[in-house]
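Protein chains in written order, with numbering that gives the first Met the number 0: chain L, 0 to 90; chain S, 0 to 287; chain C, 0 to 267.
Hints may contain errors.
Below are the DSSO-like pairs computed for lysine-lysine, each with C-alpha atoms no more than 30 Å apart in a straight line [unchecked claim]:
1. C:K156 / S:K285
2. L:K37 / C:K98
3. C:K6 / S:K205
4. S:K2 / C:K156
5. C:K175 / C:K98
6. L:K37 / C:K156
7. C:K175 / C:K156
Some chain S residues flagged as far from chain C (calculated, every beta-carbon gap over 12 Å) [unchecked claim]:
8. S22
9. T49
10. D63
11. G73
12. L103
13. P107
14. N142
15. L155
16. F181
17. A184
18. G233
19. P234
Derived DEER-like restraints, expressed as beta-carbon distance ranges [claimed, not checked]:
20. L:I20 / S:K205: 34 to 40 Å
21. S:G94 / C:T40: 33 to 39 Å
22. S:I3 / L:C33: 17 to 23 Å
23. S:S98 / L:T25: 47 to 53 Å
24. S:G97 / L:L40: 40 to 46 Å
25. S:W9 / L:S71: 39 to 45 Å
26. L:L84 / S:F69: 28 to 34 Å
27. S:I3 / L:A19: 26 to 32 Å
28. S:T281 / C:M165: 45 to 51 Å
29. C:Q2 / S:F21: 54 to 60 Å
30. C:P159 / S:T281: 21 to 27 Å
31. S:S98 / C:T40: 47 to 53 Å
The hints are simulated quantities; they were obtained by calculation from the structure and are not laboratory data.
Backbone N, C-alpha and C fix where the C-beta goes; we use that ideal spot for every residue, glycine too.
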Amino acid sequence: MIAWMNWTPSVAIFFAVIAAILAVMTVYEIVSPCTERKGFLPIETTRGDRLFIGLLSAAYIHLAFLAVSDISLWIALGVSVLWALVLLRWG
Amino acid sequence: MDKIPNNRAWWLVLPVFLLVAFSALIPLMTVVNYSVQDIFGPGQAYFVGTEWFKEVLTDERLQDSLLRQFLFSGAVLLIQIPLGIGVALMMPKSGIKGSLCLILVAIPLLIPWNVVGTIWQIFARGDIGLFGWGINQMGVDYNYTGSTVDAWLTVLLMDVWHWTPLVALLCYSGLRAIPEAFYQAAEIDRASKWAVFRYIQLPRLKSVLIIAVLLRFMDSFMIYTEPFVLTGGGPGSSTTFLSQTLTTMAIGQFDLGRAAAFSLIYFLIVLLISWLFFTAITHADKEQ
Amino acid sequence: MKQARSKNVAITVFIILLLTPVYWLLNMSFKTNQEILGGLTMWPENFTLENYVVIFTDPSWYNGYLNSMAYVTINVIITLLVALPAAYAFSRYKFLGDKHLFFWLLSNRMAPPAVFLLPFFQLYSSIGLFDTHIAVALAHCLFNVPLAVWILEGFMKGVPREYDEMAYIDGYSFPKFFVKVFLPMIRSGIGVTAFFAFMFSWVELLLARTLTSVDAQPIGAIMTRTIGASGIDWGVLAAAGVLTIIPGLLVIWFVRNHVAKGFALGRV
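Here chain L stands alone, though its shape is the one from the complex (with noise of 0.2 Å):
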């Protein structure tokens, strides 16, 4: 039935982090209800604002150590947990 996705232990493990910073934010969320501020960028933000410009972020971090260097992706990955850390809170 499910043969045809081709589930890799990688990318179900990337899922997985994925599903679970989203029920961490949710929980957060029900505890402790954020509202919209202003920090470094240039526009009000909430929380879950800065969590999706982190990740997408993220992914584009990653993409340009891909295309333009051979620098181990762990690298990439350490780069974009700092920046996504710096973003949410002062962003």
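Dock chains S and C against the given chain L, drawing on the hints supplied.
Quick look at chains S and C alone, frame taken from chain L:
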């Protein structure tokens, strides 16, 4: 209008969520799976990591196709937006003439996309089409199946014909929402035509224009059927846009891994751009 | 008044230019193939209905229309059924993740169908729906449902919430209020939404063609078959094209006053 906080509203959204999740998330997950494997057949796959992405990102054919796509979408916007505004300004404001105009202008939008291709395939031919024949009669050598430039211009003209009406209708509805009092005030001030347009009409058109740009950019970015029918992507690959490159790769050559990696990059571009526009729209809504 | 006249002339010229390609298609559909290939004629000199007769008597042709009609109808029904409550929720309530959910829906309207082509094919094959009308209808929901939610939400925002509250005070239950009071008030919005769902499902070909082979093949896919051994049968192709325009024309008349608002996704 202030909305009431109520998390039980999720029950009302649930059917939509499930339906769209079924058609969007399952395919998306599959595409991600394909993009990291080399697939020979059902159950026969070999993990290759990010190799496909690397290959796609450095593939010149794909870069060309991406560049062509951006050029095309840019040209589409530059022509259709001003033209659409112009047409909207000329349309009669109300009455039976207004309704009639509206419907006549909307006709190209109601035609199935492959038929749009067919119409222009016929219309632009030198032997049996009025347009191609007319151009040739004027002494210009025109042949969209042979010349790269002609093919490109024909596809562009077809898109202008097909979609300018959308921009025009959007702007028309925006213009109709301007209260008559604004124009009367302008008349008392003896404002020039240009001043009326620049300071009364254009600001009021802002939100519809954002939607028009969004829809036109996105739809031209995924254009497939019309050029496929009209030129088949040729001559050479001059009118092969992103969707067609992708479709050929996935269905024609069954090159699943590469097609999947390409799909994801394509999707990320679309996601970024639609997010930028969405943010712009919600901001415009808030200001009003 | 000179200005008004020049405006009228300009719009008339624009509409004539816009309709010329359509006229040319109509013109060709009434010609015989000899006349089409024989030389350029501005109107049919040997007026013939032969091309239309071919389509209406050959089941492989008219079944294409019936198939398209079938999946478009199913799609419109599904779209309205799920989009109405969702749009109501978006227009009335603030709930967890509403903005992000809305954007996620929108992004599906923007996603190129080509990206999902292959997984769709395999998804519907694996659950045994390949080559059925329901498969195409479900696939088209991917872009029609988000669009419908968008348009309907715009229309619903225009209905003051006092109506909802009054109905509750009068003792209406939610489903009864929704069907008896609320839906009639946004009649025109529903009409426009149905029109758009109809239109986008009707004009789409890439997904419809990929998900079908014989039993549910849309008219668009059948049209490509006219390219036979003896070249393209231009007359029949033109006639088939003309017939695909007619349903849209019939429907737009009913929603003409609200179409512009619909195109603006209810945001005017």
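Right, here's what the structure says about each hint:
1. C:K156 / S:K285: holds, 14 Å
2. L:K37 / C:K98: holds, 17 Å
3. C:K6 / S:K205: Holds - the C-alpha atoms of K205 of chain S and K6 of chain C are around 23 Å apart, at most 30 Å.
4. S:K2 / C:K156: Satisfied, since the Cα-Cα distance of roughly 10 Å is no more than 30 Å.
5. C:K175 / C:K98: Status holds; Cα separation ~28 Å.
6. L:K37 / C:K156: OK: K37 of chain L and K156 of chain C at ~28 Å, within 30 Å.
7. C:K175 / C:K156: Given pair K175 of chain C, K156 of chain C holds - Cα atoms ~20 Å apart, limit 30 Å.
8. S22: violated, 4 Å
9. T49: It holds; T49 of chain S is separated from chain C by about 19 Å at its closest Cβ, greater than 12 Å.
10. D63: Non-interface label on D63 of chain S holds, nearest chain C Cβ at 17 Å vs cutoff 12 Å.
11. G73: Given a closest Cβ separation of 17 Å, the condition holds.
12. L103: Not fine: 5 Å to the nearest Cβ puts L103 of chain S too close to chain C.
13. P107: violated, 6 Å
14. N142: Per Cβ check, N142 of chain S is outside 12 Å of chain C; nearest 16 Å; holds.
15. L155: holds, 15 Å
16. F181: holds, 16 Å
17. A184: holds, 19 Å
18. G233: Correct as stated: the minimum Cβ-Cβ distance to chain C is 16 Å, above 12 Å.
19. P234: Given that every Cβ of chain C is farther than 12 Å from that of P234 of chain S, nearest at about 18 Å, it holds.
20. L:I20 / S:K205: 34 to 40 Å: About 36 Å separates the Cβ atoms of I20 of chain L and K205 of chain S, which means 34 to 40 Å holds.
21. S:G94 / C:T40: 33 to 39 Å: Between G94 of chain S and T40 of chain C, where Cβ atoms are some 37 Å apart, the hint holds.
22. S:I3 / L:C33: 17 to 23 Å: holds, 19 Å
23. S:S98 / L:T25: 47 to 53 Å: At 48 Å between Cβs, range holds.
24. S:G97 / L:L40: 40 to 46 Å: For L40 of chain L against G97 of chain S, whose Cβ atoms are near 44 Å apart, the range 40 to 46 Å holds.
25. S:W9 / L:S71: 39 to 45 Å: Hint holds: Cβ distance 41 Å, inside 39 to 45 Å.
26. L:L84 / S:F69: 28 to 34 Å: holds, 33 Å
27. S:I3 / L:A19: 26 to 32 Å: Given about 31 Å between the Cβ atoms, the range holds.
28. S:T281 / C:M165: 45 to 51 Å: Given a distance of about 30 Å, which is not inside 45 to 51 Å, the answer is violated.
29. C:Q2 / S:F21: 54 to 60 Å: Since Q2 of chain C and F21 of chain S have Cβ atoms about 55 Å apart, the given range 54 to 60 Å holds.
30. C:P159 / S:T281: 21 to 27 Å: Roughly 22 Å apart at Cβ, these two residues keep to the hinted range, so it holds.
31. S:S98 / C:T40: 47 to 53 Å: violated, 33 Å
The structure fails hints 8, 12, 13, 28 and 31 (numbered hints given earlier, in ascending order).
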